[in-house]
Amino acid sequence: EAGRPMLQKLLAERCKLIVHTVPAQVDGYALVVSKRGSRLQPAQPRETYPEHAKNLDPEGGKVVSATQENNNTMSFFNVLLPDLANIIGVTSNSVIQDQTNLTGRYDFTIRRLEPRDVDGKPISDPQPSDFWDISATGLELKRTKIPSQNLVIDHIERPSPN
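Counting in my numbering, the sequence shown runs from 1 upward without gaps.
These are calculated hints, taken from the structure and not from any lab test. Possibly wrong hints are sitting among the right ones.
To be verified - Simulated pairs of lysine-lysine, DSS-like, Cα-Cα distance not exceeding 30 Å:
1. Lys142 to Lys121
2. Lys142 to Lys35
3. Lys142 to Lys54
4. Lys35 to Lys145
5. Lys62 to Lys35
6. Lys142 to Lys62
Just so it is clear, the structure is predicted and the values come from calculations on it, not from any experiment.
Sequences are here, hints too, so could you generate the full structure?
Here is the structure:
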């Protein structure tokens, strides 16, 4: 995202690229609070984190990745829910939008699953809920249309020489 304007400027100069965007909708998922309500624990000020926790965001969010040793659980500390939506989306190759309306920072744990059917065979088209069990958080994923932007190329030429 951060390099996109520089790349567009370079392509505009070298290839005479002209583009515009068109509003669109894509299939995706909404991260929402379940009917039973959120079970997220608010992050505590000045809490100590596990030694092997990695930084998730510049404001102090931390994560301990899922491994076989920790029973495939992923622990989050002082995390915003859009960060959770992003991680679930990236790891399941899906578009996920946070629609919880929860603005705080939270501590919680989710469990990584192996996307397999009842016979133990890999699922051919796994959904995000086949990768992650988030039920302990009081959150769930619902199929929805997500607003997006399509980039339309109006004009492009061969690049100019260096």
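To see whether the hints hold, each was checked on the structure:
1. Restraint check for Lys142 and Lys121: the C-alpha separation of about 25 Å stays at or below 30 Å, so the hint holds.
2. With a CA separation close to 12 Å, the supplied pair Lys142 and Lys35 stays within the 30 Å bound.
3. Taking the CA atoms of Lys142 and Lys54, the gap is about 29 Å. The hint holds against a cut of 30 Å.
4. With a C-alpha separation of about 21 Å, the suggested pairing of Lys35 with Lys145 holds against the 30 Å cut-off.
5. Restraint check: the Cα-Cα separation between Lys62 and Lys35 comes to about 28 Å, which is no more than 30 Å; the hinted pair holds.
6. Restraint check: the Cα-Cα separation between Lys142 and Lys62 comes to about 26 Å, which is no more than 30 Å; the hinted pair holds.
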